[in-house]
Amino acid sequence: MSIIMISSDVPEMENRIAEGVAEEKGYDRLDRRILADAALRYGTRPERLNEALESAPSLFRRLALRRWRYALACIQAEVLDRMLADNLVCWGLAAHLYVNGVSHAMKIRVLSGKEADAKTAEQMGVPLHKSERWRAASSKRRKEWTMAAFQEEEADPSRYDLVIRLDQIDPVEAVRTIVGASEYRKFQSMTYSTKCLTDLALAAKVHVALSESMTDVRVQARDGSVVVSTRVPNRQKRKKVAAIKQVAGRVHGVSYVEVHAQKGFFKRTG
Amino acid sequence: MARPLDVLLLDDEPIVGRRLKPALDKIGCRVEVFENPREAVARIDEKEFDVVVTDIRMEGMDGIQVLEHVQKRWPRTKVVLITGYAKMDLAREAMGKGVFDFIAKPFRPDDLRRIIVRAAEALGVLMDPSALANDPVDD
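Just so you know, the protein sequences line up as chains G and Z, in that order. Counting from 1, one number per residue, gives the positions in the first sequence under the working numbering. Counting from 1, one number per residue, gives the positions in the second sequence under the working numbering.
Looking at chain Z on its own, in the form it has when it is part of the complex (with noise of 0.2 Å):
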């Protein structure tokens, strides 16, 4: 039965929760948005959410903490690292700490779809297969 991934984005800069969430919206996730990568933290020990996307460079703690805390707490959930400052070394050291996926900004919304319809394949999680068909092919 299709239900919808839930998904935690965390970006510091807010335009990026304000482009994307609208984005997976319609692809059938339930995204909730932080832009403070400690109050995302604790969310996340709240509740296992099937992907967190976060951004590497943050004040306070960075990505790469982020994707290591989420592995501790939540082993199932699928976590995707965006930046604007990608580099093949940080790419391999991200990859050889467990990422499912890494992007470099700037990205059209479409190529995170694409990841999150992965990952939920990747989870078993049949997403509605109609919010699927309505995804524009970029935006």
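Next comes chain G alone, as it looks inside the complex (with noise of 0.2 Å):
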């Protein structure tokens, strides 16, 4: 029993494979079909959502910003949620930024390669070189976009089990490729990953709970058990950790609740 978790530098690809690969397995797929679920569960819109997986406000607008943040903490825990069903392919949701440490959850990067570019420049009927210019620019986005959101390099391949370049292997290869490799024992779940995920999980919903009221959160959750991290004024320290004991503590699944309040603000808010 697996997680796959695929992402590419052209989400056409990304939607390709991934779908090969569920087809070929007979998982279920997670992708951002779930977004209009997640909407409903959360109290907002699914195109909020969308938007948050896509760019990120500048830092200057603060509401804009935290409303993205609530969208992306949204996302987080409906993903995670559902990848507790195990047997999944997961693509276009950018798991593969935030589920981390879970032997069980393989990790694959498709690189798309020149063919891409050729590809892109006939479907939009501009010259090769206004569609290599094209994707750079749209390379940079998603850098600066994973940075925001999760202070991640994407593009980095040491954060992968697998990478597939698809100037190299064709399309159909690599389902296969994924597809053996997702046998592997080493990608099957055990007691220990399961629990690292409902760990993962249980700190999301808690982080999301706390991210409707409030910044400056980080989370983490061990076998109910949750801490919770914050920077806050000294003035307002007892009011915010009472608020969040409360708030946290009402999350199903959390029996127990430790804050640890320092001055000041946390330089990565993700």
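Incomplete in silico selection of chain Z near chain G, CB under 10 Å:
1) K87
2) D89
3) M95
4) G96
Ranges between beta-carbon positions, derived for each pair:
5) Z:D25 <-> G:P233: 49 to 57 Å
6) G:E212 <-> Z:E121: 38 to 46 Å
7) G:V179 <-> Z:P22: 39 to 47 Å
8) G:N100 <-> Z:E39: 34 to 42 Å
9) Z:Q65 <-> G:K130: 55 to 63 Å
10) Z:K72 <-> G:L53: 46 to 54 Å
11) Z:E13 <-> G:Y256: 23 to 31 Å
12) Z:E121 <-> G:Q123: 48 to 56 Å
Worth flagging that the hints you see were computed from the coordinates, not collected in a lab. Note that CB positions come from ideal geometry on N, CA and C, so glycine has one too.
Put the two chains together into one complex; each comes in its own frame, and the hints tell you how they fit.
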């Protein structure tokens, strides 16, 4: 039983490979189609969630930034909750950036290669060099987004279990390669990995509950015990700690809440 | 016909055996506890256990070496690794080498009992249903 997360530098290719793997393995699909359910669950709009996955607001637009962070928190909570079901292929939800340390969750990176530029040029009816420039700009925007959202370098190959270049391996073979690799015993679930995922899912649920009304919170969970770290000026500390304990304590699955409150602000607010 | 499941429990921390043996006895296991890996391996050479539960980090011999030894000697035996230093890479390494399950300390005895019951099912060993019915959810 495993989870396969696929990401690519070209969304259409990511979709194609992921659908192929899901079809071949008979696995459930976890992609942006879940955003409608997530929006309903967390009282927001699906377009907001979709937009949160595409672009980040300016750091100077505080309200927009807060809403964006909340949208990302909703997505993470929804994705992690669904991943507990196991045997699924996930793409389009940036899961490879926040599902970390779960041994039965494989991360695959698919690189489209130069042919993708030629195809895009043909589809858009533009010269190749324009298509290449468009793709470079798109990659730059994507890099800025991943850094803003998760402080992670998405293109770093060391974060993946398997990297496939489609200019060397065609999509059909790529699907077969991924399916084959996913059968390896080391990518199967075990008690430890299932617990890791359960803890991540609980932390994400608590995080989204807190993010409705506050920023600058980080959450870790283990076996129902939750540690919330936050930064707050001294004069607000008692009130904020009490609020965190109340909100976090109401989340299903939480048995204990500990709050670490420090002065100042987090450098990272992911 | 139901029979006791033969379990060898190896951990160099005495409290682990003291805590887990009674918990496994309750569900109909016949448990032998060892703190010294070399003694445990000597016993494994004498007897085929259904399940070997072993810590990873120990003096003289680590749990991965115990796993490899068990696999060579008794391929049918299910090995469960327990560790206070669980990391994804170690978990994957252990699974790749054929471990039945991998669990991080601290854990509740009930977590291990569930794994033992699954191991029994995988081995086709029928455990005493009355002992399993008395199994408390948590202790």
